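Colleague: The primary structure of each chain is shown beneath.
Protein chains: 2
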Amino acid sequence: MDKQKKVIAFVVYPEVTPLDLVGPLQVLKPLENFGPFEVVTVGERVEPITTDLGMRIVPERTFADVPRPFALVLPGGVLGPIQAITHEPLMAYVRSAGATAEVLASVCTGSLILAAAGLLEGQRATTHWSFLEALGRFGAQPVRERWVEDGRAMTAAGVSAGIDMGLALAARLAGDTVARSIQAIIEYEPQPPFGMVDWDWVERVDLKRSLLTPYVPAIQQLLAGRPDLLAKLLP
Amino acid sequence: MDKQKKVIAFVVYPEVTPLDLVGPLQVLKPLENFGPFEVVTVGERVEPITTDLGMRIVPERTFADVPRPFALVLPGGVLGPIQAITHEPLMAYVRSAGATAEVLASVCTGSLILAAAGLLEGQRATTHWSFLEALGRFGAQPVRERWVEDGRAMTAAGVSAGIDMGLALAARLAGDTVARSIQAIIEYEPQPPFGMVDWDWVERVDLKRSLLTPYVPAIQQLLAGRPDLLAKLLP
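Here the protein sequences line up with chains A and B, keeping their order.
For the first sequence, the residue numbers in my numbering are 7 to 241.
For the second sequence, the residue numbers in my numbering are 7 to 241.
Keep in mind that the hints are not guaranteed to be accurate.
Any copy will do: because identical chains look the same in the list, a pair fits if it lies in one copy or spans two.
Claimed, not checked - Listed next, the in silico SDA-like pairs over lysine to any residue satisfying Cα-Cα at most 25 Å (straight line):
no. : residue 1 : residue 2
1   : Lys11     : Asp182
2   : Lys214    : Ala98
3   : Lys11     : Gly41
4   : Lys11     : Leu235
5   : Lys214    : Thr106
6   : Lys11     : Trp135
7   : Lys12     : His93
8   : Lys9      : Ala70
9   : Lys11     : Gly60
10  : Lys11     : Leu179
11  : Lys12     : Asn39
12  : Lys11     : Gln89
13  : Lys214    : Ala237
14  : Lys11     : Val208
Source of the hints: derived by calculation from the structure; they are not laboratory data.
All values derive from a computational prediction rather than experimental measurement.
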């Protein structure tokens, strides 16, 4: 790593949700052309890591290679983050790199990892809508916004929200003009074919339950040895 | 592959733009829970493939494993697709799998690959705004829309447009209710911090030139042996 550069490190871990990772990574990578930034993916090892889409991702660096990033970004997932918070090599990295990072960012349930590492204590933060209450039980002050800035922490809502958060972070680090250029380059003019989400409908059909219920046995199994964490996730 | 299933194959090739791939992949993967679909990434080999973000991607299957997908999806890139259209193993796959696929889809400059394979001849199609004219020279009828449906082809504009196109395709394949559920799951309620792109500004600062100029020498080198293709890309 170039010691003169501000390193933005995206953490890759098993069963991550790729869009959580790639949304802000695609947005922030061009910062390398606009300032003293280096944008990298980091993992426990430089080898293929599973994702929840079947494809695997090989990060560029190990945790040991990037001990003190300028910014630490945590993507989320469903079972991925739950497994992650029980995996000591990853949590040790998040705690130590997170202690000195000037920016802590997350997408979706990535904020649960930051919170489980003690990095969001009492802070306003967000996550995927289906995990907001859990985030509160991990010590943060959950807020339902597209993204939330509180001090050095910048947390985004579910999955696709990482793109919006990434643009806001790009503006903070390199200015509005750079962020607007990046927006044009990735042609980010969203046009969801059905407009915005109809949250009344989501509630009416109880999508949260049908979304999470299939994962309950796996969550219970992953956290069998950690009743403290299980109680926060499935009280 | 399960022969009873409709396979949606996302093509991974060197220097692909990950958001082009992952946007619609994250949207379409849940179709596996809603119908007889199997959603996979395919590459020339099951090994790490470079991307334009540094991280590498390992697809799940080879081209040979998935000779006749129901749907073929081509993500784009900058140098990636230009190299791809000169790489015969990839083009042979796109031509043969594309000949029988019921759906042809692309994101960004992925449509240049479909067009170069002769699969968009005379059809309305789109691509990244900076490559629209080139798309015309490859035989398609370029249209500037977020995504374009013409017969079995569904082509999206640049990078982030693959998410919108993916939702429209999910609706076509599995119905509006499924697409709306997926939209809620990935919390797709875009809120670009600077609103929509200001295209007058993009033109005023000539972003197209500053975006593409750094790539010109590499494009000329990649296509040194193919003056026919070079003339279409850099006339």
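Colleague: Work down the list of hints and note, for each, if the structure agrees.
Modeller: Checked hints:
For the identical chains of this complex, Lys11 and Asp182 are intra-copy neighbours only, at 21 Å inside a copy versus 47 Å across copies, given an alpha-carbon limit of 25 Å. When the C-alpha separation of Lys214 and Ala98 is checked against a cutoff of 25 Å, the pair qualifies neither within a copy, at 31 Å, nor between copies, at 44 Å. In this assembly of identical chains, Lys11 and Gly41 lie within 25 Å of each other by CA distance solely inside one copy; the values are 9 Å within and 48 Å between copies. For the identical chains of this complex, Lys11 and Leu235 are neighbours neither inside a copy (37 Å) nor across copies (39 Å), given an alpha-carbon limit of 25 Å.
Proximity of Lys214 and Thr106 under a CA criterion of 25 Å is satisfied in neither setting, with 36 Å inside one chain copy and 38 Å between copies. Taking the shortest alpha-carbon separations for Lys11 and Trp135, neither the intra-copy value of 35 Å nor the inter-copy value of 32 Å comes in at or below 25 Å. Taking the closest pair of Cα atoms, Lys12 and His93 never come within 25 Å of each other, the shortest separation being 27 Å inside a single copy and 37 Å across copies. In the homo-oligomer, the alpha carbons of Lys9 and Ala70 lie at most 25 Å apart inside one protomer (15 Å), although the nearest pairing across protomers, at 44 Å, exceeds that limit.
Only between protomers do Lys11 and Gly60 lie at most 25 Å apart by alpha-carbon distance; the minimum there is 17 Å, versus 33 Å within a single protomer. Taking the shortest Cα distances, Lys11 and Leu179 sit within 25 Å of each other inside one copy (13 Å), while across copies they are farther apart (46 Å). In the homo-oligomer, the alpha carbons of Lys12 and Asn39 lie at most 25 Å apart inside one protomer (13 Å), although the nearest pairing across protomers, at 42 Å, exceeds that limit. Taking the shortest alpha-carbon separations for Lys11 and Gln89, neither the intra-copy value of 32 Å nor the inter-copy value of 31 Å comes in at or below 25 Å.
For the identical chains of this complex, Lys214 and Ala237 are intra-copy neighbours only, at 18 Å inside a copy versus 53 Å across copies, given an alpha-carbon limit of 25 Å. In this homomeric assembly, Lys11 and Val208 never come within 25 Å of each other (Cα to Cα): the closest approach is 44 Å inside a single copy and 29 Å across copies.
When each numbered hint is compared with the structure, violations occur for hints 2, 4, 5, 6, 7, 12, 14.
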